[in-house]
Amino acid sequence: MVNNVSYKYISMPIYKLLQEFKTDPMKVFDYLEHVYRVIESVETKIKAFITLMPQDAVFRRVETLIKESKGKIDSMKLFGIPIAVKDVISTKGIRTTCASRMLENYIPPYNATVIERLINEGSIIIGKTNMDEFAMGSTTETSAFYPTRNPWDLSRVPGGSSGGSAAAVSSGEAPIALGSDTGGSIRNPAAFCGIYGLKPTYGLVSRYGLIAYASSMDQIGPMARNTIDLAILLSIIAGHDPKDSTSLPIGSKNYVALVKELVYKEPKLRIGIIKELFENSDENVKVKAYKVVDKLCTYHECLTVSLPYGKQIVAAYYIIAMAEASSNLARFDGVRYGLKVPFENKSWEEVYLEVRTKGFGYEVKKRVALGAYILSVGYRDMYYIRALKFRRILKETFDKIFRSVDVVVSPTMPILPPKLGEFFEDPIKIYLADINTVIANLIGIPAISIPVDFYNGLPIAIQIMSKQLTEEILLYLSMQLEEKTGFRNIIAEVH
Amino acid sequence: MYESSVIDYLEKLALLKFTDEEKKRIESEIGKIVELFSELVNVEGLDIVEPLYHVVEIELPLRDDEPLNEIDTNHELLSGNAVLENGYVKAPKTVGE
Numbered sequence: 090m091v092n093n094v095s096y097k098y099i100s101m102p103i104y105k106l107l108q109e110f111k112t113d114p115m116k117v118f119d120y121l122e123h124v125y126r127v128i129e130s131v132e133t134k135i136k137a138f139i140t141l142m143p144q145d146a147v148f149r150r151v152e153t154l155i156k157e158s159k160g161k162i163d164s165m166k167l168f169g170i171p172i173a174v175k176d177v178i179s180t181k182g183i184r185t186t187c188a189s190r191m192l193e194n195y196i197p198p199y200n201a202t203v204i205e206r207l208i209n210e211g212s213i214i215i216g217k218t219n220m221d222e223f224a225m226g227s228t229t230e231t232s233a234f235y236p237t238r239n240p241w242d243l244s245r246v247p248g249g250s251s252g253g254s255a256a257a258v259s260s261g262e263a264p265i266a267l268g269s270d271t272g273g274s275i276r277n278p279a280a281f282c283g284i285y286g287l288k289p290t291y292g293l294v295s296r297y298g299l300i301a302y303a304s305s306m307d308q309i310g311p312m313a314r315n316t317i318d319l320a321i322l323l324s325i326i327a328g329h330d331p332k333d334s335t336s337l338p339i340g341s342k343n344y345v346a347l348v349k350e351l352v353y354k355e356p357k358l359r360i361g362i363i364k365e366l367f368e369n370s371d372e373n374v375k376v377k378a379y380k381v382v383d384k385l386c387t388y389h390e391c392l393t394v395s396l397p398y399g400k401q402i403v404a405a406y407y408i409i410a411m412a413e414a415s416s417n418l419a420r421f422d423g424v425r426y427g428l429k430v431p432f433e434n435k436s437w438e439e440v441y442l443e444v445r446t447k448g449f450g451y452e453v454k455k456r457v458a459l460g461a462y463i464l465s466v467g468y469r470d471m472y473y474i475r476a477l478k479f480r481r482i483l484k485e486t487f488d489k490i491f492r493s494v495d496v497v498v499s500p501t502m503p504i505l506p507p508k509l510g511e512f513f514e515d516p517i518k519i520y521l522a523d524i525n526t527v528i529a530n531l532i533g534i535p536a537i538s539i540p541v542d543f544y545n546g547l548p549i550a551i552q553i554m555s556k557q558l559t560e561e562i563l564l565y566l567s568m569q570l571e572e573k574t575g576f577r578n579i580i581a582e583v584h
Numbered sequence: 010m011y012e013s014s015v016i017d018y019l020e021k022l023a024l025l026k027f028t029d030e031e032k033k034r035i036e037s038e039i040g041k042i043v044e045l046f047s048e049l050v051n052v053e054g055l056d057i058v059e060p061l062y063h064v065v066e067i068e069l070p071l072r073d074d075e076p077l078n079e080i081d082t083n084h085e086l087l088s089g090n091a092v093l094e095n096g097y098v099k100a101p102k103t104v105g106e
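Residue numbers (our numbering), protein chains in the order written: chain Y, 90 to 584; chain V, 10 to 106.
Bear in mind the hints are in silico, worked out from the structure with no lab data behind them.
In this text, a Cβ means the ideal position worked out from N, Cα and C, and glycines have one as well.
Keep in mind that the hints are not guaranteed to be accurate.
Each pair of labels, with its calculated beta carbon distance range [what the hints assert, rightly or not]:
{"#": "1", "chain 1": "V", "residue 1": "VAL43", "chain 2": "Y", "residue 2": "GLY510", "range": "23 to 29 Å"}
{"#": "2", "chain 1": "V", "residue 1": "VAL65", "chain 2": "Y", "residue 2": "CYS386", "range": "31 to 37 Å"}
{"#": "3", "chain 1": "V", "residue 1": "TYR97", "chain 2": "Y", "residue 2": "LYS161", "range": "41 to 47 Å"}
{"#": "4", "chain 1": "V", "residue 1": "VAL65", "chain 2": "Y", "residue 2": "GLY510", "range": "37 to 43 Å"}
{"#": "5", "chain 1": "Y", "residue 1": "TYR379", "chain 2": "V", "residue 2": "GLU59", "range": "34 to 40 Å"}
{"#": "6", "chain 1": "Y", "residue 1": "LYS518", "chain 2": "V", "residue 2": "ILE57", "range": "31 to 37 Å"}
Each computed DSSO-like pair below joins lysine-lysine, with the alpha-carbon atoms no more than 30 Å apart [unchecked claim]:
{"#": "7", "chain 1": "V", "residue 1": "LYS33", "chain 2": "Y", "residue 2": "LYS573"}
{"#": "8", "chain 1": "V", "residue 1": "LYS26", "chain 2": "Y", "residue 2": "LYS435"}
{"#": "9", "chain 1": "Y", "residue 1": "LYS400", "chain 2": "V", "residue 2": "LYS99"}
{"#": "10", "chain 1": "Y", "residue 1": "LYS332", "chain 2": "Y", "residue 2": "LYS357"}
{"#": "11", "chain 1": "Y", "residue 1": "LYS435", "chain 2": "V", "residue 2": "LYS41"}
{"#": "12", "chain 1": "Y", "residue 1": "LYS518", "chain 2": "V", "residue 2": "LYS26"}
{"#": "13", "chain 1": "Y", "residue 1": "LYS429", "chain 2": "V", "residue 2": "LYS102"}
{"#": "14", "chain 1": "Y", "residue 1": "LYS429", "chain 2": "V", "residue 2": "LYS21"}
{"#": "15", "chain 1": "Y", "residue 1": "LYS447", "chain 2": "V", "residue 2": "LYS32"}
{"#": "16", "chain 1": "Y", "residue 1": "LYS429", "chain 2": "V", "residue 2": "LYS26"}
{"#": "17", "chain 1": "V", "residue 1": "LYS99", "chain 2": "Y", "residue 2": "LYS435"}
{"#": "18", "chain 1": "V", "residue 1": "LYS41", "chain 2": "Y", "residue 2": "LYS508"}
{"#": "19", "chain 1": "Y", "residue 1": "LYS447", "chain 2": "V", "residue 2": "LYS41"}
{"#": "20", "chain 1": "Y", "residue 1": "LYS400", "chain 2": "Y", "residue 2": "LYS573"}
{"#": "21", "chain 1": "V", "residue 1": "LYS21", "chain 2": "Y", "residue 2": "LYS447"}
{"#": "22", "chain 1": "Y", "residue 1": "LYS400", "chain 2": "V", "residue 2": "LYS41"}
{"#": "23", "chain 1": "Y", "residue 1": "LYS364", "chain 2": "V", "residue 2": "LYS41"}
{"#": "24", "chain 1": "Y", "residue 1": "LYS384", "chain 2": "Y", "residue 2": "LYS489"}
{"#": "25", "chain 1": "V", "residue 1": "LYS21", "chain 2": "Y", "residue 2": "LYS518"}
{"#": "26", "chain 1": "Y", "residue 1": "LYS349", "chain 2": "Y", "residue 2": "LYS508"}
{"#": "27", "chain 1": "Y", "residue 1": "LYS447", "chain 2": "V", "residue 2": "LYS26"}
{"#": "28", "chain 1": "V", "residue 1": "LYS41", "chain 2": "Y", "residue 2": "LYS484"}
{"#": "29", "chain 1": "V", "residue 1": "LYS32", "chain 2": "Y", "residue 2": "LYS518"}
{"#": "30", "chain 1": "Y", "residue 1": "LYS161", "chain 2": "Y", "residue 2": "LYS111"}
{"#": "31", "chain 1": "V", "residue 1": "LYS21", "chain 2": "Y", "residue 2": "LYS435"}
{"#": "32", "chain 1": "Y", "residue 1": "LYS349", "chain 2": "Y", "residue 2": "LYS380"}
{"#": "33", "chain 1": "Y", "residue 1": "LYS375", "chain 2": "V", "residue 2": "LYS41"}
{"#": "34", "chain 1": "V", "residue 1": "LYS32", "chain 2": "Y", "residue 2": "LYS429"}
{"#": "35", "chain 1": "Y", "residue 1": "LYS518", "chain 2": "V", "residue 2": "LYS99"}
{"#": "36", "chain 1": "V", "residue 1": "LYS99", "chain 2": "Y", "residue 2": "LYS181"}
{"#": "37", "chain 1": "V", "residue 1": "LYS41", "chain 2": "Y", "residue 2": "LYS518"}
This is chain Y alone, in the form it adopts within the complex (with noise of 0.2 Å):
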């Protein structure tokens, strides 16, 4: 525990924290310093940010948004409530690295449109968040500049890629942030972290100025301490952006007065208990997450489902997030964007092979070539072409499970959290315990992961995953399960 940090006050949910603010803006310095005092505390240890503002300047930020916004604080939906970003979403004039020496010294000249509409809330950026290189890992660990720890226990990851905003929220740094999910980004640090993530329909949350990994599946999502925040934050950055072509044409919904009708009538529903995914967990995650599920079937409908693929799934995430970051990652050519080298007297691929060998780091490299590989002569019909008819399959797979259930359920990750290092000699284990994770990517569904409960002390968690747009009865089930467990702004106690 940090010394003179009022916990009580860092655990507040935001949904309280706003009404205090609203009576008295001064109040938000009052958390802030809070804030500030954790971080000075836990981050030489956790090292969830990549660039912190500094204490000052959010103050002045401060100062000048209680100027601006007199007369119209009490509409504000984020009003003084600090967030932490992860690092691949454009900030204006805030460093913007992707975790890669390509980025390290890239600074935005505009913002996503999330990041617009958080500040037209009221919201304080108060830093950007260490991820795995370009998004592309599942701990952290790939980052260009250091791994993130996971603050339940110092030696193990925080998960990934968004492990440096989950590690923010569940440490205390930040009450809310933003990750990004292309095969669970946001809820496999989430699961390993014991907060609550969610990534959303593909298409509810505009992707403009989220720097694309793999265009077709990744989405920015919300990650909180417990369900109503979540619901706020997911209100904020919903609906449609004329900026983002794939951008669905609907607005946003009111989450949290959505979820409170529900919790209020309580509908019964058919959940599905996907029993390949239990099945193929370790046995604590198993054993821990049947039991949790089983207090939701005291009161809904439970059935088992079954999952026909198991490897194949994993096959076709990797193939088409290799094929299309590829693709994407060819615009970091050192003249635009990217690093930069001395090009006098050297040809346009000199520059770009040493601007490439340079900027990114191993894994990027892997996944870069390997995707090139599946998309040149020869292969394209065998890898590429192939992974995307799997992903119709199953499409419809799921589609025809969701006429026989309105949910379906799964623990978030298979394992505990790996201890750093752990998987350095075997990256398809690692790519394997994707597996749960990555569907709802592949199919453009909504899927919440809910931290339920503790094995020696490591978080675990459940996955829900339902129908495209119906985020509220994820949210309803988070809620249902939240109530049940008390799992709720829970912050690690750093060692």
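We have chain Y already, so just place chain V on it with the hints.
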């Protein structure tokens, strides 16, 4: 273990170089990764479905060709990241002597 000629081919294809240490790593990993990818070979029914490139199968929306924001006459959008000379972006030569 994959032959180093495959790694050379990958480097050429992707226009990047692996360090010696990275080469050792990828040589030991690539076989396992390709083995994983080959899991799709035996999936039934692949021949009769169309590839699903994108889960949102909507038409690409079009809008009038009008700027939404002010035009960036000062090259503000590039200034932090590109080398500019007389308002032009400087790039390496693309044709020989």
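Status of each hint after checking the structure:
no.: 1; hint: VAL43/V with GLY510/Y: 23 to 29 Å; verdict: holds (25 Å)
no.: 2; hint: VAL65/V with CYS386/Y: 31 to 37 Å; verdict: holds (33 Å)
no.: 3; hint: TYR97/V with LYS161/Y: 41 to 47 Å; verdict: holds (44 Å)
no.: 4; hint: VAL65/V with GLY510/Y: 37 to 43 Å; verdict: holds (39 Å)
no.: 5; hint: TYR379/Y with GLU59/V: 34 to 40 Å; verdict: holds (38 Å)
no.: 6; hint: LYS518/Y with ILE57/V: 31 to 37 Å; verdict: holds (33 Å)
no.: 7; hint: LYS33/V with LYS573/Y; verdict: violated (50 Å)
no.: 8; hint: LYS26/V with LYS435/Y; verdict: holds (17 Å)
no.: 9; hint: LYS400/Y with LYS99/V; verdict: violated (47 Å)
no.: 10; hint: LYS332/Y with LYS357/Y; verdict: violated (39 Å)
no.: 11; hint: LYS435/Y with LYS41/V; verdict: violated (37 Å)
no.: 12; hint: LYS518/Y with LYS26/V; verdict: holds (26 Å)
no.: 13; hint: LYS429/Y with LYS102/V; verdict: holds (15 Å)
no.: 14; hint: LYS429/Y with LYS21/V; verdict: holds (21 Å)
no.: 15; hint: LYS447/Y with LYS32/V; verdict: holds (15 Å)
no.: 16; hint: LYS429/Y with LYS26/V; verdict: holds (17 Å)
no.: 17; hint: LYS99/V with LYS435/Y; verdict: holds (13 Å)
no.: 18; hint: LYS41/V with LYS508/Y; verdict: holds (22 Å)
no.: 19; hint: LYS447/Y with LYS41/V; verdict: holds (26 Å)
no.: 20; hint: LYS400/Y with LYS573/Y; verdict: violated (34 Å)
no.: 21; hint: LYS21/V with LYS447/Y; verdict: holds (16 Å)
no.: 22; hint: LYS400/Y with LYS41/V; verdict: holds (13 Å)
no.: 23; hint: LYS364/Y with LYS41/V; verdict: holds (27 Å)
no.: 24; hint: LYS384/Y with LYS489/Y; verdict: holds (26 Å)
no.: 25; hint: LYS21/V with LYS518/Y; verdict: holds (28 Å)
no.: 26; hint: LYS349/Y with LYS508/Y; verdict: violated (39 Å)
no.: 27; hint: LYS447/Y with LYS26/V; verdict: holds (9 Å)
no.: 28; hint: LYS41/V with LYS484/Y; verdict: holds (26 Å)
no.: 29; hint: LYS32/V with LYS518/Y; verdict: holds (20 Å)
no.: 30; hint: LYS161/Y with LYS111/Y; verdict: holds (10 Å)
no.: 31; hint: LYS21/V with LYS435/Y; verdict: holds (18 Å)
no.: 32; hint: LYS349/Y with LYS380/Y; verdict: holds (25 Å)
no.: 33; hint: LYS375/Y with LYS41/V; verdict: holds (27 Å)
no.: 34; hint: LYS32/V with LYS429/Y; verdict: holds (24 Å)
no.: 35; hint: LYS518/Y with LYS99/V; verdict: violated (44 Å)
no.: 36; hint: LYS99/V with LYS181/Y; verdict: holds (24 Å)
no.: 37; hint: LYS41/V with LYS518/Y; verdict: holds (10 Å)
In the structure shown, a violation is registered for the earlier hints numbered 7, 9, 10, 11, 20, 26 and 35, in ascending order.
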